[in-house]
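Note that the protein sequences, when read in sequence, are chains A and B. For the first sequence, position 243 matches number 243 in this note's numbering, and the numbering has no gaps at all. For the second sequence, position 432 matches number 432 in this note's numbering, and the numbering has no gaps at all.
It is possible that part of the hints are untrue.
Chain A regions said to be covered by chain B (calculated; three or more residues, Cβ under 8 Å) [claimed, not checked]:
no. : segment
1   : 50-56
2   : 161-175
3   : 232-245
As a list, the in silico BS3-like pairs of lysine-lysine whose alpha-carbon atoms are at most 25 Å apart [as the list claims (entries may be wrong)]:
no. : chain 1 : residue 1 : chain 2 : residue 2
4   : B       : K502      : B       : K435
5   : A       : K167      : B       : K476
6   : B       : K205      : A       : K93
7   : A       : K377      : A       : K338
8   : B       : K435      : A       : K79
9   : A       : K338      : A       : K142
10  : B       : K28       : B       : K498
11  : A       : K142      : A       : K251
12  : A       : K348      : A       : K338
Don't read these hints as lab results, they were simulated from the structure. Keep in mind the model is a prediction, meaning the values are calculated, not measured. C-beta: ideal position from N, C-alpha, C; glycine also.
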Amino acid sequence: MKQLGICVLKAWTALVLLVAGATAVAAGSGEVSALNLRRGATEISGQVYDLHMLMFSICVGIAVVVFGIMFVSMYLHRKSRGAKPANFHESVKVEIAWTVLPFLILIFMAVPAAKTLLAMEDTTEPDMTVLVTGSQWKWHYKYMDRDVEFYSLLATQREQIDNRYAKGENYLLEVDRPLVIPTGQKVRFLITSDDVIHSWWVPDFAVKKDANPGFINEAWTRVDEPGIYRGQCAELCGKDHGFMPVVVIAKEPAAYEAWASEQESIRQQAREEEQRLLAMNMSMEELMTEGERVYNATCAACHMPNGEGLPGVFPALKGSPMALNDMQGHIDIVLNGKTGTAMQAFGKMLSLKELAAVITYERNAWGNNTGDMVQAKDVNAVASGE
Amino acid sequence: MSKATEIISPAHGEADAHDDHHEHHIPKGLMRWVLTTNHKDIGTLYLWFAFIMFLVGGAMAMVIRAELFQPGLQIVEPNFFNQMTTVHGLIMVFGAVMPAFTGLANWLIPMMIGAPDMALPRMNNWSFWILPFAFTILLASLFVEGGGPAFGWTFYAPLSTTYSGDSTALFVFSVHIMGISSIMGAINVIVTIFNMRAPGMTWMKMPLFVWTWLITAFLLIAVMPVLAGAVTMVLTDKFFGTSFFDAAGGGDPVMFQHIFWFFGHPEVYIMILPAFGIISQIIPTFARKRLFGYASMVYATASIALLSFIVWAHHMFTTGMPVAAEMFFMFATMLISVPTGVKVFNWVATMWRGSMTFEIPMMFAIAFIVLFTIGGLSGLMLAITPVDFQYHDTYFVVAHFHYVLVTGAVFSIMAAVYYWIPKWTGRMFDITLAKWHFWCSLISVNVLFFPMHFVGLAGMPRRIPDYALQFADFNKWISLGGFAFGLSQLIFLAVMIKACRKQGEPVSDQVWDGAEGLEWEIPSPAPYHTFETPPVVK
Chain A
1 MKQLGICVLK
11 AWTALVLLVA
21 GATAVAAGSG
31 EVSALNLRRG
41 ATEISGQVYD
51 LHMLMFSICV
61 GIAVVVFGIM
71 FVSMYLHRKS
81 RGAKPANFHE
91 SVKVEIAWTV
101 LPFLILIFMA
111 VPAAKTLLAM
121 EDTTEPDMTV
131 LVTGSQWKWH
141 YKYMDRDVEF
151 YSLLATQREQ
161 IDNRYAKGEN
171 YLLEVDRPLV
181 IPTGQKVRFL
191 ITSDDVIHSW
201 WVPDFAVKKD
211 ANPGFINEAW
221 TRVDEPGIYR
231 GQCAELCGKD
241 HGFMPVVVIA
251 KEPAAYEAWA
261 SEQESIRQQA
271 REEEQRLLAM
281 NMSMEELMTE
291 GERVYNATCA
301 ACHMPNGEGL
311 PGVFPALKGS
321 PMALNDMQGH
331 IDIVLNGKTG
341 TAMQAFGKML
351 SLKELAAVIT
361 YERNAWGNNT
371 GDMVQAKDVN
381 AVASGE
Chain B
1 MSKATEIISP
11 AHGEADAHDD
21 HHEHHIPKGL
31 MRWVLTTNHK
41 DIGTLYLWFA
51 FIMFLVGGAM
61 AMVIRAELFQ
71 PGLQIVEPNF
81 FNQMTTVHGL
91 IMVFGAVMPA
101 FTGLANWLIP
111 MMIGAPDMAL
121 PRMNNWSFWI
131 LPFAFTILLA
141 SLFVEGGGPA
151 FGWTFYAPLS
161 TTYSGDSTAL
171 FVFSVHIMGI
181 SSIMGAINVI
191 VTIFNMRAPG
201 MTWMKMPLFV
211 WTWLITAFLL
221 IAVMPVLAGA
231 VTMVLTDKFF
241 GTSFFDAAGG
251 GDPVMFQHIF
261 WFFGHPEVYI
271 MILPAFGIIS
281 QIIPTFARKR
291 LFGYASMVYA
301 TASIALLSFI
311 VWAHHMFTTG
321 MPVAAEMFFM
331 FATMLISVPT
341 GVKVFNWVAT
351 MWRGSMTFEI
361 PMMFAIAFIV
371 LFTIGGLSGL
381 MLAITPVDFQ
391 YHDTYFVVAH
401 FHYVLVTGAV
411 FSIMAAVYYW
421 IPKWTGRMFD
431 ITLAKWHFWC
441 SLISVNVLFF
451 PMHFVGLAGM
461 PRRIPDYALQ
471 FADFNKWISL
481 GGFAFGLSQL
491 IFLAVMIKAC
501 RKQGEPVSDQ
511 VWDGAEGLEW
521 EIPSPAPYHT
531 FETPPVVK
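Model the full structure from these sequences, guided by the hints.
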């Protein structure tokens, strides 16, 4: 009967190893597996993947042995088979053995883990640095060595989320302006937050670091292959936590250089355009059209598309005293935010023209009909403290 | 021991006279339950309360799974979804698992150590009866303007302070009441075990359920005040202008996480140590063989409890701790697997060369060993800091802690109820229905939680109401498993209602063939008052 037990044990082991092996192969071959961690695009992410597979195999091994013995026992030592209970209930030798053996296995796991950890946390001597700032619910990227900075927002249409349009291939994992980094260079990320805690995560880089308001965290990556890498915010950050993806495009250094220079000149032009606009007035129609676009992209997440907000969480703009009467206060709160609340300072996120348009929109939409027009120069006046 | 017995004896005589008086005037109806100081009544109250909360928290899980059945937003808004995940977690931890264990402690500890009741019976009544108020307040917060707490059961600042709704005050108040209840329950357990053991019941003769609960009670007293401190700081940060967790005022949001997890990690063991005790009672009974390594079980439990105080920051590897701290918490966490392994090995060694039968409690206990171990092994994987950066805040973590808390803690509670309820009611429960309950639960719980490992590894973050398309297939399965698991618990409800109505065959005093211990020596059903004269343990 003991032999039968051993047979059962062998069959069980073979089965589990087969399943585990098949999973490992399936996972190792594909780019992104539906079942397993991905190998990723960097040396570090490869090391992390190997560690994961090592840990996984050891755990499966332990489980096979322990459960195997237990199942054999459940088969052999049943009362219905006439098993008589033995008398033993302790054994110093065995108990020491199964305390020491796991300890040795742990040391075997700990050494490679510590090595990889030290490599991951070594943020010294970067080739370039990007400041990553999370805020409800978008990421902001600022290239510390150049004149490039921008916000990166979810690009999936509202209609897809509400099941009115078919969902695209990269549903919820697409942004309007991805972060662009060069391949083969050590890119350091300085990560912080404007409001609550977020967590910047790109699985292909094995980088996940919390964005803590008031503190700066560091992480780094060196991407080998050009490509598009997608991730998400990993720390619950409020209502739209599920809707702030991270997209990083890695380009060859030359292509990156061209992209960065182009961005710098676009920014330069935008600044000149802004100055020119200060001297011009936009028509009500132009303001309202532009304002509606900006409102839906930026403000509607909290204040809702109908301007009614979420009672008790986000205030309504429809019929609010500020939107109806206090124009200076209105411009000020949109520009500078309100400390101690979720209301952010949009002065650094939107252009003067966009700010003017969206404030005009808020003062005239949903029956607010004040007839007020706010021009770029009005916003500029408040911004520069005139 | 003899000294302790002497101290008890006179008091005991007095209690006897008092009880005799009561025997004829047990209040009837509702007032019996409101005024009761009887450990068995209070145990029953705790267990029914926990079960109701389990169904309420489960209903919230159904809302979550319904929303996640397919990609896109269908049923609830993200803000309400976050309230559901938050309140589901709070209710299951503080309303279901912890009160259920306290209920079992109330029923069993006096009967196991040969004591007539808990040491502090009036406090016992109080510690139960404040709980319904705590959870009424928590549930009521869902209906105030702006909705209930939506910041996760871990209530990380500043999401729970500057950026939360006004219902945070209700949340804080209700957590305070839960904490007071737990501390009073823990004090009662400690005082009872220290002072009321029967003559001859030495420390190393105590049943393991008593041992694990004693250690749990010390953990509770150590960490519940820390939780109280954390919620109080959240309250003052939000409403009274302090800046404990606000960098703008000199505070630090990461400090919140250190304080929370200094409570939170021992809390995890508070929810699993009594489970270890239950399994250590059940396995020997149905293997008809003494527990293997009793002493090492006690030492392993104590080591786990001590280690639980130095591993908290493994929940925070991505917060940007210094690398030396990350190393320390990684190694300390890995170390916990040694005593935990000892426990599992001891259970298997107890089964080895026993004479096993597979009644319902044994089936739940075996399911516990396998599934809890899976949760333990994924926990070991999570301890490895560099890989944790990938696992952290994904469904892999959700799978891990549901394996240890649902197929671990909750399965052990079900095993315990099936094991001891014949003693409580004097009748065998409906075995056919209980088998249905077991198999439906076992299959559905794995369809529910196992695929979560896969979507987590593939990159699905937790606490999101909508997800990318590559996670859609598994989420469908997970939701179906979830609905099936939820429905399976209605079978449990049916078994329990039948049992409490005393339907079923009368059972012997020993109930189970191989059961040993003082609680099996008293009549079935257990009389309202037991061990009025202490038994002598040889």
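Worksheet item: Between K338 of chain A and K142 of chain A, does the CA-CA distance stay at or below 25 Å?
Response: Holds, because 23 Å separates the two Cα atoms, which is no more than 25 Å.
Practice prompt. Could you grab the alpha-carbon distance between K205 of chain B and K93 of chain A and see if it respects the 25 Å cut-off?
Written response: With Cα atoms ~23 Å apart, K205 of chain B and K93 of chain A stay inside 25 Å; holds.
Worksheet entry | Distance restraint between K142 of chain A and K251 of chain A, which requires alpha-carbon spacing of 25 Å or less | Measuring from Cα to Cα gives roughly 17 Å; hence the hint holds.
Discussion item. Hint check: K348 of chain A vs K338 of chain A, CA-CA at most 25 Å. Holds or violated?
Written reply: holds (14 Å)
Discussion item. Please verify whether K28 of chain B and K498 of chain B have alpha carbons no more than 25 Å apart.
Written reply: Roughly 21 Å between the alpha carbons, so the hint for K28 of chain B and K498 of chain B holds.
Discussion item. Please verify whether K377 of chain A and K338 of chain A have alpha carbons no more than 25 Å apart.
Written reply: holds (22 Å)
Practice prompt. Mind taking a look at whether chain B covers the segment 161-175 of chain A? Criterion is 3 or more residues with CB to CB distance under 8 Å.
Written response: holds (count 9)
Fill in: Proximity test - 8 Å, beta-carbon atoms, the segment 50-56 of chain A to chain B, at least three hits
Three-residue rule met by the segment 50-56 of chain A, so holds; n is 4.
Practice prompt. Take the C-alpha atoms of K435 of chain B and K79 of chain A, compute the straight-line distance between them, and say whether it is at most 25 Å.
Written response: Cα-Cα ~20 Å, so holds.
Worksheet item: Given the hint that K167 of chain A pairs with K476 of chain B, does the C-alpha gap stay at or below 25 Å?
Response: The hint holds at about 17 Å.
Worksheet entry | Whether chain B covers the segment 232-245 of chain A (at least 3 residues having a Cβ closer than 8 Å to its Cβ atoms) | holds (count 12)
Worksheet item: Given the hinted pair K502 of chain B and K435 of chain B, is their alpha-carbon gap at most 25 Å?
Response: OK: K502 of chain B and K435 of chain B at ~19 Å, within 25 Å.
Hint violations for this structure: none, all hints satisfied.
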